[in-house]
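Please construct the entire structure, taking both the sequences and the accompanying hints into account.
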Amino acid sequence: MSESFPPPGFVAVPSAVEGIAVYAPALPETGPHQEVVDFKCPRCGAATAYSVVDGGLRCAHCGYYESPQAPAVGKAAPQFEFTLEALEPTARGWGEERRELCCQSCGAQLSLPPGQLTSTCPFCGSNRVIQRAAPQDLLRPRFLIPFRVENEACRQIARTWLGSSWMTPAALQQTARVADFVGIYLPFWTFHAQAAAAWRAEVGHTVTERYFQGGQWRTRTRTVWQWKSGHVQRRFDDCLMPGTGKVSRLLLRRIQTYDLQGLVPYKPEFLAGLHAQAYDIPLEQAWESARAEMREQTRKAALAQAGSTGAVRNFSMTLDFADESWRYILLPVYLAVYQYQGQPYQVMVNGQTGAIAGQRPVDWNKIWLAVGAALAPGLLLILIGLVTAMLGVGVAVGGIGFVLLVIGIVVAIVLFSKAQGLDDA
Amino acid sequence: MGEQGKTLAGMLADWGLALQPLVCERCDWAYLAPVGAPPARCPHCWQGPLTPVEQADGLPYAAPPELVLPFTVSEAVLALRVTDFARHIPFAPRDLHPAALKARLQRLYLPLWLVDGTVEGTWEASAGFNYQVVSHQEYYSDSQSAWATRELQETRLRWEPRVGQLKRTYQNITAPALEEEARLREQLGSYHLGAAQPYQPEVVTQAAIRLPNRTPDDAWPAAVPAFQATAAEECRQAAGADQIREFRWTPTYTGLHWTLLLQPVYATYYLDDEGVPQPVLIHGQSGQLSGARRASWQRAQWLALILCLVAVALGGLSLLAAVAGFIAPPLLPLAVVGLIVAALVGVGALIPLLVVWQFNRRLSPGSR
Numbered sequence: 001m002s003e004s005f006p007p008p009g010f011v012a013v014p015s016a017v018e019g020i021a022v023y024a025p026a027l028p029e030t031g032p033h034q035e036v037v038d039f040k041c042p043r044c045g046a047a048t049a050y051s052v053v054d055g056g057l058r059c060a061h062c063g064y065y066e067s068p069q070a071p072a073v074g075k076a077a078p079q080f081e082f083t084l085e086a087l088e089p090t091a092r093g094w095g096e097e098r099r100e101l102c103c104q105s106c107g108a109q110l111s112l113p114p115g116q117l118t119s120t121c122p123f124c125g126s127n128r129v130i131q132r133a134a135p136q137d138l139l140r141p142r143f144l145i146p147f148r149v150e151n152e153a154c155r156q157i158a159r160t161w162l163g164s165s166w167m168t169p170a171a172l173q174q175t176a177r178v179a180d181f182v183g184i185y186l187p188f189w190t191f192h193a194q195a196a197a198a199w200r201a202e203v204g205h206t207v208t209e210r211y212f213q214g215g216q217w218r219t220r221t222r223t224v225w226q227w228k229s230g231h232v233q234r235r236f237d238d239c240l241m242p243g244t245g246k247v248s249r250l251l252l253r254r255i256q257t258y259d260l261q262g263l264v265p266y267k268p269e270f271l272a273g274l275h276a277q278a279y280d281i282p283l284e285q286a287w288e289s290a291r292a293e294m295r296e297q298t299r300k301a302a303l304a305q306a307g308s309t310g311a312v313r314n315f316s317m318t319l320d321f322a323d324e325s326w327r328y329i330l331l332p333v334y335l336a337v338y339q340y341q342g343q344p345y346q347v348m349v350n351g352q353t354g355a356i357a358g359q360r361p362v363d364w365n366k367i368w369l370a371v372g373a374a375l376a377p378g379l380l381l382i383l384i385g386l387v388t389a390m391l392g393v394g395v396a397v398g399g400i401g402f403v404l405l406v407i408g409i410v411v412a413i414v415l416f417s418k419a420q421g422l423d424d425a
Numbered sequence: 426m427g428e429q430g431k432t433l434a435g436m437l438a439d440w441g442l443a444l445q446p447l448v449c450e451r452c453d454w455a456y457l458a459p460v461g462a463p464p465a466r467c468p469h470c471w472q473g474p475l476t477p478v479e480q481a482d483g484l485p486y487a488a489p490p491e492l493v494l495p496f497t498v499s500e501a502v503l504a505l506r507v508t509d510f511a512r513h514i515p516f517a518p519r520d521l522h523p524a525a526l527k528a529r530l531q532r533l534y535l536p537l538w539l540v541d542g543t544v545e546g547t548w549e550a551s552a553g554f555n556y557q558v559v560s561h562q563e564y565y566s567d568s569q570s571a572w573a574t575r576e577l578q579e580t581r582l583r584w585e586p587r588v589g590q591l592k593r594t595y596q597n598i599t600a601p602a603l604e605e606e607a608r609l610r611e612q613l614g615s616y617h618l619g620a621a622q623p624y625q626p627e628v629v630t631q632a633a634i635r636l637p638n639r640t641p642d643d644a645w646p647a648a649v650p651a652f653q654a655t656a657a658e659e660c661r662q663a664a665g666a667d668q669i670r671e672f673r674w675t676p677t678y679t680g681l682h683w684t685l686l687l688q689p690v691y692a693t694y695y696l697d698d699e700g701v702p703q704p705v706l707i708h709g710q711s712g713q714l715s716g717a718r719r720a721s722w723q724r725a726q727w728l729a730l731i732l733c734l735v736a737v738a739l740g741g742l743s744l745l746a747a748v749a750g751f752i753a754p755p756l757l758p759l760a761v762v763g764l765i766v767a768a769l770v771g772v773g774a775l776i777p778l779l780v781v782w783q784f785n786r787r788l789s790p791g792s793r
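The listed protein sequences derive, respectively, from chains A and B. FYI, the numbering for the first sequence is 1 to 425, going by our numbering. FYI, the numbering for the second sequence is 426 to 793, going by our numbering.
Just so you know, the hints here were simulated from the structure itself, not pulled from any lab data. Hints are supplied without guarantee of correctness; some may be wrong.
[To be verified] Listed below are the simulated SDA-like cross-link pairs for lysine to any residue, each with C-alpha atoms no more than 20 Å apart in a straight line:
| no. | chain 1 | residue 1 | chain 2 | residue 2 |
| --- | --- | --- | --- | --- |
| 1 | A | K300 | B | S566 |
| 2 | B | K592 | A | F5 |
| 3 | A | K228 | B | Q662 |
| 4 | A | K300 | B | D697 |
| 5 | A | K418 | A | F236 |
| 6 | A | K228 | B | D567 |
| 7 | A | K246 | A | Q256 |
| 8 | B | K592 | A | R220 |
| 9 | B | K592 | A | P7 |
| 10 | A | K300 | B | T574 |
| 11 | B | K592 | A | G19 |
| 12 | A | K246 | A | Q285 |
| 13 | A | K75 | A | Q256 |
| 14 | A | K300 | B | S570 |
| 15 | B | K592 | A | Q256 |
| 16 | A | K300 | B | D567 |
| 17 | A | K300 | A | F236 |
| 18 | A | K75 | A | Q352 |
| 19 | A | K418 | A | Q352 |
| 20 | B | K592 | B | Q662 |
| 21 | A | K300 | B | W572 |
| 22 | A | K300 | A | H231 |
[Said to hold, decoys possible] Just some of the chain B residues that point at chain A, by a computed CB distance under 8 Å:
| no. | residue |
| --- | --- |
| 23 | R529 |
| 24 | H561 |
| 25 | Y564 |
| 26 | E585 |
| 27 | R587 |
Remember, predicted model here, so these are calculated numbers, not experimental data. No residue lacks a Cβ here, since even glycine has one placed at the ideal position from N, Cα and C.
Below you can see the structure in the form of structure tokens.
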């Protein structure tokens, strides 16, 4: 027993028995309203903001610097079980006073630091926005990855990226007006689970057999089906699911190259002067999506195991999830909307790695020309083959033309798909 | 307590009725029995004669009890238990039958210490809290080409440290008054202490009373774990926990009060093959019976011997028939059949021995 009583860090809790006092470890966090902090420079009183270069709070007025003192915990960051109370957590809110931007065009809701004057939605570029006090009743993120890429670097990354595809208009790199990149923390859920699957299926093996018919031996192949079963174990670590549906899932997936070893405990200081998005996809819904991905991967693994020796039919499997856990984290993203020929296009940059993805206009004239160029040799040779058929060489030429046409069609489909991908993003 | 310095006569006078102190010369169990109706044999081992004690020095503790648990098991239940005990024993000893067991029933009181006291101190433990988690089980079938999901709720246990202070008064914490308390408790089970009545001399008039062989000082170390277990359970309740472990405390005991309680037991016995009494005890409240059920080797051996003799005789006659068969051939088949039957009977002679061996091996002493 310790010398002092109660031991340090223990607080009295209600006791159900008279004459017995009970002390429990103090919770690390108390009510959200006591934790709302105001980021003001202690030296000059001006507002401080998170500096990507310094990795801490910096006063733009007097240069005062304050480190958030949050050592990286990486993938060792604690995870939480799917308790019945998981959706009723004690720690809620942002831990600081924030404003909320509500876009009347795309419906995005964005958390802003107080005093931030913005009239543009970083998601759609719309000016139809209103501001109101951010609600403090949402689950508070426990970990985040701080911004590592500077805002200025994003502009160069975007310029390079705009000129990197021949499918886009030639003038895009010069004429696109990329607005300022907005650093924003986007909500993500990470999931961990152990999947144990038991499958059963009919596996078909091809057998070759000889039989006697019409006075001679013949050979035939047939498939022999046998019921088989097996087990597949898969472990899923840090399955990342976006916590917001306001951003293109396709673009987000392209820049989702985060190194989760960079996770640090959440502190409101990291959000000072930056935007943050609260989750609008709740835990249960995100877990449903993650589970769908996990079970599909497990099903593929089970099918691969079943089909390793032959064809498969009547496949069925039972999948048990165990050790399920989750985290709510914030990941850094730069968002920008650029205008080209009056149309807004969205660009995203990974705030940790600098990976970029976005919408780019497609110069369809170029695409059709390329498609035509791919098909032309084949068509031409087929025509020549038809003309020269009477000379006896037409069949060979036509055959080569047919092969080239098939190759051209494949190339055309690939080109068209890639262009469509740029356009759809 | 306060018995030191008192004469034996003075201590016995406190009981309020004429009692005679007796001690078994074989097992050293000391008793008080009504004067004029002492048990013929020791109700514990049923072997030693009971010798009167003249000096108080020979008795560890002879003061009267404060509480007595009355005999509450009915005659019908008693008869049923005894009959059940003697039933279904292959080759049961000749003396093991319900009538003999019932005829030898002897009422006996066994002593138990009850301690009351106030405990004060600090404690620490790991408190376990149950919580529910949601898990999922999924099923996929090619025929439906879709997943079916089933939500499951699992209960898990979360351990958290808890410390605290305690000031509680506990009553009727049991402590052994006999060296054999643990064995007797295991055999008979526990008693419902709530049925205890203040001691009245007329309650014990027809019973032998076993005297304690452990004093309160001697019994105290055994009472401490019981205090701790009670305190741990209360601390679990205080913390609102579902389980508690690693309970440690620094108790200070004050106001200890010791009470002697008498627990009712029926004692009886049967004689085994060698004529040795095998004691049988019956809980005076619940009727739970404890005693060794043994099959008789002697009876089995007798039967085996008879069967062997029958087999030998049959075998001999069959051999004679076989010899005669050379003269009168119709006797030959009879001789063969006779030899087979003799062999079967001979092998069958082993069965009683095997049955007894198996029964005695399976049912260890103390089984009901």
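Taking each numbered hint in turn, which are not upheld by the structure, reported in ascending numerical order? 3, 4, 5, 8, 15, 19, 23
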